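6 protein chains.
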Amino acid sequence: MPAFDELRVFSGNAHPALAQTICEYLDIPMGQVEVFKFSNDNTFVRFQENVRQRDVFLVQPFAAPVNDRIMELLIMVDAARRASAGRITAVIPYYAYGRTDKKDQPRVPITARLVADLLTTAGADRVLTMDLHAGQIQGFFNIPVDELTALPLLSRYLKAKELPDPVVVAVDIGATKRARDMAAKLGAPLAIMEKRRVGNADRTETLNVIGEVQGRTAITVDDEIDTGGSLLSTIVALEERGVQDVYACCTHGVLSGGAAGRIQGSSVKELVISDTLPHADGSLYPKLIVLSVAPLLGEAIHRIHNGLSVGAMFE
Amino acid sequence: MPAFDELRVFSGNAHPALAQTICEYLDIPMGQVEVFKFSNDNTFVRFQENVRQRDVFLVQPFAAPVNDRIMELLIMVDAARRASAGRITAVIPYYAYGRTDKKDQPRVPITARLVADLLTTAGADRVLTMDLHAGQIQGFFNIPVDELTALPLLSRYLKAKELPDPVVVAVDIGATKRARDMAAKLGAPLAIMEKRRVGNADRTETLNVIGEVQGRTAITVDDEIDTGGSLLSTIVALEERGVQDVYACCTHGVLSGGAAGRIQGSSVKELVISDTLPHADGSLYPKLIVLSVAPLLGEAIHRIHNGLSVGAMFE
Amino acid sequence: MPAFDELRVFSGNAHPALAQTICEYLDIPMGQVEVFKFSNDNTFVRFQENVRQRDVFLVQPFAAPVNDRIMELLIMVDAARRASAGRITAVIPYYAYGRTDKKDQPRVPITARLVADLLTTAGADRVLTMDLHAGQIQGFFNIPVDELTALPLLSRYLKAKELPDPVVVAVDIGATKRARDMAAKLGAPLAIMEKRRVGNADRTETLNVIGEVQGRTAITVDDEIDTGGSLLSTIVALEERGVQDVYACCTHGVLSGGAAGRIQGSSVKELVISDTLPHADGSLYPKLIVLSVAPLLGEAIHRIHNGLSVGAMFE
Amino acid sequence: MPAFDELRVFSGNAHPALAQTICEYLDIPMGQVEVFKFSNDNTFVRFQENVRQRDVFLVQPFAAPVNDRIMELLIMVDAARRASAGRITAVIPYYAYGRTDKKDQPRVPITARLVADLLTTAGADRVLTMDLHAGQIQGFFNIPVDELTALPLLSRYLKAKELPDPVVVAVDIGATKRARDMAAKLGAPLAIMEKRRVGNADRTETLNVIGEVQGRTAITVDDEIDTGGSLLSTIVALEERGVQDVYACCTHGVLSGGAAGRIQGSSVKELVISDTLPHADGSLYPKLIVLSVAPLLGEAIHRIHNGLSVGAMFE
Amino acid sequence: MPAFDELRVFSGNAHPALAQTICEYLDIPMGQVEVFKFSNDNTFVRFQENVRQRDVFLVQPFAAPVNDRIMELLIMVDAARRASAGRITAVIPYYAYGRTDKKDQPRVPITARLVADLLTTAGADRVLTMDLHAGQIQGFFNIPVDELTALPLLSRYLKAKELPDPVVVAVDIGATKRARDMAAKLGAPLAIMEKRRVGNADRTETLNVIGEVQGRTAITVDDEIDTGGSLLSTIVALEERGVQDVYACCTHGVLSGGAAGRIQGSSVKELVISDTLPHADGSLYPKLIVLSVAPLLGEAIHRIHNGLSVGAMFE
Amino acid sequence: MPAFDELRVFSGNAHPALAQTICEYLDIPMGQVEVFKFSNDNTFVRFQENVRQRDVFLVQPFAAPVNDRIMELLIMVDAARRASAGRITAVIPYYAYGRTDKKDQPRVPITARLVADLLTTAGADRVLTMDLHAGQIQGFFNIPVDELTALPLLSRYLKAKELPDPVVVAVDIGATKRARDMAAKLGAPLAIMEKRRVGNADRTETLNVIGEVQGRTAITVDDEIDTGGSLLSTIVALEERGVQDVYACCTHGVLSGGAAGRIQGSSVKELVISDTLPHADGSLYPKLIVLSVAPLLGEAIHRIHNGLSVGAMFE
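Heads up: the protein sequence lines correspond to chains A, B, C, D, E and F, in order. Residues 9 to 323 in my numbering are what the first sequence lists, from first letter to last. Residues 9 to 323 in my numbering are what the second sequence lists, from first letter to last. Residues 9 to 323 in my numbering are what the third sequence lists, from first letter to last. Residues 9 to 323 in my numbering are what the fourth sequence lists, from first letter to last. Residues 9 to 323 in my numbering are what the fifth sequence lists, from first letter to last. Residues 9 to 323 in my numbering are what the sixth sequence lists, from first letter to last.
What the hints contain is simulated information worked out from the structure, not anything from laboratory work. Incorrect hints may appear among the rest.
In silico BS3-like pairs for lysine-lysine, Cα to Cα no more than 27 Å straight-line [stated by the list, open to error]: (1) 45/A x 45/B; (2) 110/F x 45/E; (3) 185/E x 167/E; (4) 203/A x 203/B; (5) 185/E x 110/E; (6) 185/D x 169/D; (7) 193/E x 277/E; (8) 203/E x 185/D; (9) 295/F x 185/F; (10) 277/D x 203/D; (11) 45/D x 45/C; (12) 185/A x 110/F; (13) 203/F x 45/E; (14) 203/E x 110/F; (15) 110/B x 45/C.
Being a predicted model, the structure only gives us computed values, none of them experimental.
Chain A on its own, in the form it takes in the complex:
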């Protein structure tokens, strides 16, 4: 039995196509809302239908321009709360600022926590997200968080390719856990890239490969790929160590600053990502394989609205 009145899904400006596909999965029309900027660069929001007592889901991955997308979502939450929404779920398929999740040097922020507090302050009741940079970010929230993962989606696709002698490669120390989970799903061994400074000259770095990769098909894993720089140097290092082919995958294809083009031009066979973020026309980059998370998000919204277990989706 639904705990709240009618389910309504609205989209900010970050990724309307994803929200649209989610609505199709749920077989409901998209909610009507305006999100735009006045000439003075102030963002404005107006819900164009009644949200009173409704179970409101606001779909907004934190795509670039990131700060705009965050502020848009906060303002949408404020408007929905003041319009007496029954419950407000922030659906954030990609949670930016995930890498600013600890103080690893003095006098820096923990922006991932800050953004969690901002969402709570604005009035969000819950969060639905995917593949956070670190699991601990769930603990930055005190409102309930449902975190989905695209890992099964990616691993099913890669498994179906029946790649010969696969080895899963963490692109850096931070990606080790995620790579290990992928390796377990594929029944493949694990290797890890380690960047190390050499000598007194602070700038020189070597990239060590820890583990056996010789003659194997490498599958690199990370949560997100930004400029692609780490991936490209990983490919070089792996090839120097005698790797056969390299496939890359990640959940969040940030792909800033021409990354898609650079990766297309590299020796990687495929880069498998999801559509948590909007991407340019895929036809330009045939190596870019985009798998949709809309059914996952749609099913989770359905379960949240109806009080069904979300954890059961991954058992």
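Given chain A, work out where chains B, C, D, E and F should sit, using these hints.
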């Protein structure tokens, strides 16, 4: 006696020149801080000097790009708080979103309140600002707010010009109170522009002038000028009513989308503004007179740091 | 579908007659509650029926004695919350302290914000109110506020009178927006009263009329009328400027200290107000026309309880 | 060493004479503040001197009219906080609503907790109070509370009288602990009055005396005396049990509704109270002995301001 | 109509037998949850069934080891909240730390308030408890508290024994109110034990009996019995004053450190307690009469879940 | 200049010896406080000296019994706050529950966040801790956290041994980052242990070594060692891969359930830990090398008290 250790003033990216002038007034060096974006469009902040127990002032008007400037300030506050700053004052000479301060239609946000809450959540202890769009915005905060006004600065400049037969004109209903205050300072009468829709066709508007302006020198008053559209149509309407000359003034020169050029090209004699917001090279727009609020802000910071009355600055 | 169990409406001591009329509109019995003072002047409250999980509305305009009425409401909210009410809506047709909504001089309170915080602290979940002194007061709350307006009620009444050559007059600068809205509804021009100090002697004031009123029927507008002093001096000034007749209207008839009598004795034709506040027997003051807001409040309560749009009432 | 800038003591309207005596003890001038009502019955507050960074003490017992005194104090706290007071201590020698400190029947408030929350919400940093109705009320606050007691003051006075064969009498079950403490100080035995309903008729009550009182001098103890009704019936019951003389004492002389006159007319020898509340001219009621708590409060304020132990005052 | 989805009752490790009996009363199966410690002494909790939108009741009296039981409950609440429970009621039949409810000496905690805040912070929405040490502890919470009492259960049992010439005895000053209530229910007079220090030597104490007990059957009353020391010395003192027989009763049988054995070995006839706390096998202590509160708690849970009055259970 | 009055350091019951050594470093006497349990298993705290306005540091690592130690600290904080401490820093050299920092399965708690919230609720103003299980736990707090690390202490000790051909080994995937940092400090390569389930039978696990270890001296790294089980199986696996010798190190020697004896009996050469937790007499376990963190903590307290940079300690 100072209530807190050493005074430190830092600037975000919005308006370093203003922060620099404030530091010169205070005769202290600018604080060292980095505020920049990573390639993934995430803003990062790092204080490059100890702020522990310091009395920290962060100067950041909400200039365009507005959402970036707000997020920068929030992240600076978070970093300062986690670095054990003794007290954090957000110095916001121009507070954007001031016009979204009430629900004048259903299902819209009150973003001016939301931003106040975001600042408090991030950890700001106090706010120093200038000429808020509405005085009630002070009440959106529960932390102490010191609001300065540039009105005496503007009126002293205008008074010194000894304009013949001046009349102060509110450019719309909302500016009436501010115009009345200016009129009182100049000993001039008051007139008010009123926009009114005509007939059934929703788009046609007339601009009424309430009050006597014939043969006088009009001085239009507003808190901010954005595109300049209202000002330009006010000038036309005033000239139709036989005004001699028009001078315009406001505290915050937002001047978006080529406004400075359009105003330069109009029949206005001068547009007198302050430097709460950064402006392009003034030599292009000789009609644009920019008065500096840095001494006002510097003096207020001095008084806040030393427990002296700020109100006494305006008595 | 109602989001909460059974709707219950209770009244504090401020205005039981209004609560009774609202219940009649809703066709439900008044809720049973005792609100009284012990001999030691402590207010006490006891709900005399089960409110567990009920959708509780507490009707209490902030009539004089204002502080008693506020404390009564806070204590009622506390008792309802501790008795496990499902949702508590403070119905405050007249919100006192609205004029203390900003710091226009040093070291004064913003009591309108303070009272908003007190209500939230006590445990109110929402507020239903009418014609706040300033729209920004909505932003003093973070709980949802539904603000109704009596302006259409007043303007319909005045329009029906078909007054000749009407001009709407704001009784002071602060009432300009409200007067403009009334003027638009009546299709009448606008004029504004401006109080100005003269010369060095601080006490002498003149009352300017900005706009054309000669030979017209003036309709003065304000949100509330307290002692009636401003209204009476406005009438004098308008008559000096050749006004034909004066009608006055406002939403909240505070009418303190014999104001009703003084207005009855003036040359005003009618003073049209609403019953957001209780009034003495109208037969004594035939010029006092009281229009009831009970149907508006009743309809809003019905819509809030059932998750229907309240905004739609004013479209 | 003082933790905060200059000490300042201000008084609300409840009991300026007490605040004045405290200032004399501290050898500082009274702080300048206006607290008054506008014609619309709204309370207004204006500090007439700089309070920035000052260590502000606001003296306001919750005397009748109780709700006005509470609201006055809340508004003073709001104004002081917004004026950047360094620390705000609410000095509440008599805390009203102390008897509404638990739910002893369904659907009633716990107003003593509510008022504690209101003070915290307004912005009080600490509380200084005397002889709370129940010690647990300290736990209603999360800000630090210093609770002083007038018991030593009262017992020293009574001990000096060298009354023959004294017995300390709790006027009801609730006063037992306080009476026991007084009995221990005087080295006297304890007796307790118990009110009991008789038979089915709910109204008939008997007043039992538990303990030996025959031939003794009874000293009745309570935290406050309101109408004096309990005291008067206690006197009658004690005399029926052969008591020699009755002396009464309490900290807070509420004395509502002509209580002072009724007690003066009774057979009680003396009623010893403190000046936590203002009283009418004592010359009318020679049996009323008023001992001043100003030195206690002054000393506590001195110690709070200077970081000295307050507990040490009572060791 | 139930306000929340399906009712679920879970038990921590404190008293599963009580939770089981409550579930039998409610005719529902016990909820599945694991609560255990890892080898590093960290408590862990895992709900083994979906609790999304469920109306969750967590049964956990604060039995010894007290801090473990409190932390277990807090962690259960955290897990339930993060698992999106619809509403979480902490069912705490025995609330420990009740005697640390005020500052009766300098620099001590008010742990009863602290624990209330911890529960709220963890995410409890309501509390269901029994016979708090002081009624004011309800006011330590701002979430709704339903406090049941075992007094009618105990008094019905004792009344049925038709004891000759009963007198109800408060075992110390603090138990006076509770004893008075029991005395009223039994139609018996009241006596009170008073501990008093004698002379200068701080250690010597006498135990006075205030009231008539000679030749009567004494029924001692307290909220809890811990080591039984007070009870045993009360029995001695009562027997010295010629009491016939002594019966003891209390709600919470803490019975620490061999108390049950010592009481069994004393001259008391019976000790009547409830099962708010788990007890060792009763067959060893035939004088220990344990009455079950499970029906009371079960009925209260039923009423809370269904929005029925809980107060009505005691009318 | 110290921001607060006199520095005072108090110890709970977890590790008084560490607190004592810290006080010796600071050259101040230990603060006087009692922390004990009543017979009813309730913890009680009493500060035996004035803490008003003092800069209070409470030293309490979360050693076993963990829940008792946490509750003791919370109660100490509550008592210090209510006693008007100027600032309260919780010094928690070992933060338990660090491994419960994310939801890696449905319906489990995030206890590391919960405990952070409990500390804030009790009233802690800051935290000083060492080597958190994950850096993100800093982000679970909104109060400032200073996190020290024992890594330099451990690495200096190990470097001085000049072990031949060292390789640093992460004992599991989760320890990779910490091992990488140690490897960088020692200029040694990195290897990683990976546990993997084999085949369909869920129970069989293999322990893979990723990286080269043959013929080298392995130095295993982790943040804490509990039962030592992982360490012992790591040693076996490393020896199977031809490792020469194994040295183990970690910051926190939890060493539960006879771990010290088991490790002493293993082929490990040394286990190097710190004294963040209390340990049994070291003479029984000669392989156990305990390095003291007291100078680190003492220096950090000195710097926090005096507003000096703590980050500078590690530059």
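Okay, the hints, checked on the actual structure:
no.	hint	result
1	45/A x 45/B	holds (22 Å)
2	110/F x 45/E	holds (17 Å)
3	185/E x 167/E	holds (19 Å)
4	203/A x 203/B	violated (65 Å)
5	185/E x 110/E	holds (18 Å)
6	185/D x 169/D	holds (23 Å)
7	193/E x 277/E	holds (21 Å)
8	203/E x 185/D	holds (12 Å)
9	295/F x 185/F	holds (26 Å)
10	277/D x 203/D	holds (24 Å)
11	45/D x 45/C	holds (22 Å)
12	185/A x 110/F	holds (14 Å)
13	203/F x 45/E	holds (23 Å)
14	203/E x 110/F	violated (53 Å)
15	110/B x 45/C	violated (37 Å)
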